[in-house]
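Below, each chain spelled out in residue letters.
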Amino acid sequence: MTCQELVELVTDYLDGVMPAEERARFEAHLADCPYCTIYLEQIRQTIRLTGHLSEEALPGEITALLLDRFRDWTR
Amino acid sequence: MSGSLQPIQPADSASGSSAEQQLVAALRRGDETAFRTVVERHHRSLVRLARTYVSDPAVAEEIAQETWLALVRGIGQFQARSSLKTWLFHVLVYQARRRMKREGRTIPFCDLEGPTVAPGCFLPPDAEWAGHWADALPDWEGTPEERLLADETLHQVEDLIAHLPERQRQVIILRDVEGLSAPETCGILEIPDRTQRLLLHRARSRVRAGLDAYVRGEDGKPA
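Going line by line, the protein sequences match chains A and B. Mapping to my numbering: the first sequence position 4 is 4, numbers consecutive. Mapping to my numbering: the second sequence position 67 is 67, numbers consecutive.
Hints in this document: simulated from the structure, not taken from any laboratory. We treat Cβ as the ideally placed atom computed from N, Cα and C, and that holds for glycine. Treat the hints loosely; a few may be bogus.
Unchecked claim - Simulated DEER-style distance windows between Cβ atoms: (1) B:LYS101 with A:ARG25: 44 to 50 angstroms; (2) A:LEU65 with B:ASP135: 48 to 54 angstroms; (3) B:LEU112 with A:THR37: 23 to 29 angstroms; (4) B:PRO124 with A:ARG69: 56 to 62 angstroms; (5) B:PRO108 with A:LEU67: 33 to 39 angstroms.
To be verified - Computed far set for chain A versus chain B, every beta-carbon distance over 10 angstroms: (6) GLU21; (7) GLU22; (8) ARG23; (9) ARG25; (10) ALA31.
All chains should be built: construct the whole structure from the sequences, respecting the hints.
Spelled out as C-alpha cells, the structure:
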C-alpha cells in the first residue's frame, strides 16, 4: 500500500468498515510511515475541531428572538 | 403546521438516556429553560444544514424556526424511537426540501471519485518511492492546542465547511459537527451508506488540507 492509497482509506478505517485483510495492510503501512501517521492524526484533529463548532455560543439576539417565539407558541 | 412528525427511519443511537428523557419531559411541560437548552445546542447546525438547500440565509433561518415550531407542536407525540437531535434534523430536512422544491432548486450532483489529496503531494509514478509523500508533513501536535482551538481557527473551519459542495457539507455537519452516527446520517439525508462515507471522506480531506495550509501560514496569516 502506498501513502497515496492510504490517504483515500482513512475514513473507512476510522468508521471501522474495512475488511480485516485491508485493515492489516493499512496498519502495517502506518507502523512504518511517520508521515501517514501524521496525516491520520491531522484527520482526527480535523474531526475534533469540527466538533467544537457545535459548542459555539448562539448570538444573544437570536436566542432572545427564539424565546419570544416560544412564548407566543406556548401561550 | 403540517409535516411536523415524519415517519422516521429506525435510528441506532441511544435515545433513552435519562438526561434526554428529562429534557423531553420538560419540553412537554412547555419549560422555557429546556427550550433554550436545545436551541443553544442545535440552532446553528439547523441553519447550517438549511443553507445547503436554500441559498438565502434569511430563508434558512426561517426553516430552522419552523423546525422549532414543529418541535413545540409535536413534542407531545414524540416517541423516543430516535434521539431528539435526530428527530429535529429529520424535520428540518423535510421542511427544507419542501422549500427547495417550491423554489425549483436542486442540489448539484457531487463527484465522488478522484483523489482527495493533491497528486503533487506524492512522488511521481517513475520515482523509486512512487506514491509516497514527496515532502515531510508538518506535525500539528507541534502547534499549541490553544492556537488550534482559538476562535480564529474555528472560524477557519466554519469557512472551509461553508465552501464545500452542498452534499459534502450536509454529511460533515451531521457526522462531525453534530456527532451523529453513519446510520442516523443516512436516514436523515436518505442516501446509501457508501455515498455518505465517500462524501464525508471528501469533506474531511478538504477541511484538513485547508487547515494544513492555515497552520503552515499559507493563507497570508502568520503561522
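Problem - Non-conforming hints, listed in increasing numerical order - result: No hint contradicted; all consistent.
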